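*Asks:* So the sequence lines, in the order shown, correspond to chains R and D.
Counting from 1, one number per residue, gives the positions in the first sequence under my numbering.
Counting from 1, one number per residue, gives the positions in the second sequence under my numbering.
The set of hints was computed from the structure by calculation and includes no laboratory data.
Take the hints with a grain of salt, since some may be wrong.
Heads up, simulated BS3-like pairs for lysine-lysine below, C-alpha to C-alpha not over 25 Å straight-line [stated by the list, open to error]:
#1 D/Lys39 with R/Lys82
#2 R/Lys39 with D/Lys39
#3 D/Lys82 with R/Lys85
#4 D/Lys85 with R/Lys39
#5 R/Lys85 with R/Lys39
#6 D/Lys39 with D/Lys85
#7 R/Lys85 with D/Lys39
#8 R/Lys39 with R/Lys82
#9 D/Lys82 with D/Lys39
Since the structure is predicted, the reported quantities are computational estimates derived from the model, not experimental observations.
Number of protein chains: 2
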Amino acid sequence: MSKQELVVLGQDAADGCCPTLLSAPLDEGTAAELALVFKALGDPVRLRLLAMIASREGGEVCVCDLTPAFDLSQPTISHHLKLLKQAGLIDSERRGTWVYYRLLPDTTDRLAAVLTRPGAPAAPAA
Amino acid sequence: MSKQELVVLGQDAADGCCPTLLSAPLDEGTAAELALVFKALGDPVRLRLLAMIASREGGEVCVCDLTPAFDLSQPTISHHLKLLKQAGLIDSERRGTWVYYRLLPDTTDRLAAVLTRPGAPAAPAA
Numbered sequence: 001m002s003k004q005e006l007v008v009l010g011q012d013a014a015d016g017c018c019p020t021l022l023s024a025p026l027d028e029g030t031a032a033e034l035a036l037v038f039k040a041l042g043d044p045v046r047l048r049l050l051a052m053i054a055s056r057e058g059g060e061v062c063v064c065d066l067t068p069a070f071d072l073s074q075p076t077i078s079h080h081l082k083l084l085k086q087a088g089l090i091d092s093e094r095r096g097t098w099v100y101y102r103l104l105p106d107t108t109d110r111l112a113a114v115l116t117r118p119g120a121p122a123a124p125a126a
Numbered sequence: 001m002s003k004q005e006l007v008v009l010g011q012d013a014a015d016g017c018c019p020t021l022l023s024a025p026l027d028e029g030t031a032a033e034l035a036l037v038f039k040a041l042g043d044p045v046r047l048r049l050l051a052m053i054a055s056r057e058g059g060e061v062c063v064c065d066l067t068p069a070f071d072l073s074q075p076t077i078s079h080h081l082k083l084l085k086q087a088g089l090i091d092s093e094r095r096g097t098w099v100y101y102r103l104l105p106d107t108t109d110r111l112a113a114v115l116t117r118p119g120a121p122a123a124p125a126a
């Protein structure tokens with residue numbers, strides 16, 4: 001997987017805004033960028049980590065609170081977090097002993113947008 | 001990848017409806033189901049195939065119209081289409097010589113929903 005972090009998806013859409021997977025063919029560059037993010041989401045542990053980070057009151061989670069939720073080693077959890085970060089889904093900040101993670105909602109917003117059918121009603125968030 | 005086809009995602013959410021990745025921790029079963037679909041989207045060729053199928057006027061595409069758009073063999077394209085179908089993203093029907101593919105919008109709708117922030121405005125489809 002590329003080390004490059006993803007900031008904006010689909011910036012090269014014909015009209016400069018809001019491409020969607022469902023309304024027009026996808027150019028190779030946008031497809032490669034989007035695939036990187038979807039691939040990061042294509043693992044149950046990473047999805048659970050992302051949900052824990054995104055749903056946390058206060059908006060950030062200490063890695064020390066993430067690791068105990070899984071029957072996995074700290075290096076394995078760190079590797080999954082690194083892939084989420086490389087995909088532009090989360091960011092991290094070290095403070096003292098621990099690293100704290102938070103969601104980058106622009107990326108999930110963009111994925112939700114590209115998966116929304118043109119003219120479809122708003123996705124029903126719980 | 002599991003051969004199981006995915007019909008409904010996140011059916012086991014606490015309230016029976018509309019779980020989102022971003023509003024609550026994710027149980028292992030839902031994470032596994034969602035990961036299967038995101039993994040299917042984690043490839044540029046599959047994303048481009050899905051976009052071609054989803055955006056086609058009339059709602060379906062002959063495999064004979066998909067293959068020429070890629071510098072890949074027919075068996076490779078068929079393999080990618082099979083993974084999209086196993087993930088519940090597309091369906092297919094054989095008529096005569098050719099197989100025709102169409103989007104299963106319930107699955108993309110569900111993905112858009114789980115990626116939508118609670119309280120966020122509707123995803124801006126192009």
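*Asks:* Hint by hint, say whether it matches the structure.
*Replies:* Results for each hint:
1. D/Lys39 with R/Lys82: holds, 17 Å
2. R/Lys39 with D/Lys39: holds, 5 Å
3. D/Lys82 with R/Lys85: violated, 30 Å
4. D/Lys85 with R/Lys39: holds, 17 Å
5. R/Lys85 with R/Lys39: holds, 12 Å
6. D/Lys39 with D/Lys85: holds, 12 Å
7. R/Lys85 with D/Lys39: It holds: about 17 Å lies between the C-alpha atoms, which stays within 25 Å.
8. R/Lys39 with R/Lys82: Holds, at roughly 13 Å.
9. D/Lys82 with D/Lys39: Holds. D/Lys82 to D/Lys39 sits at ~13 Å (cutoff 25 Å).
Taken one by one, the earlier hints fail for this structure only at number 3.
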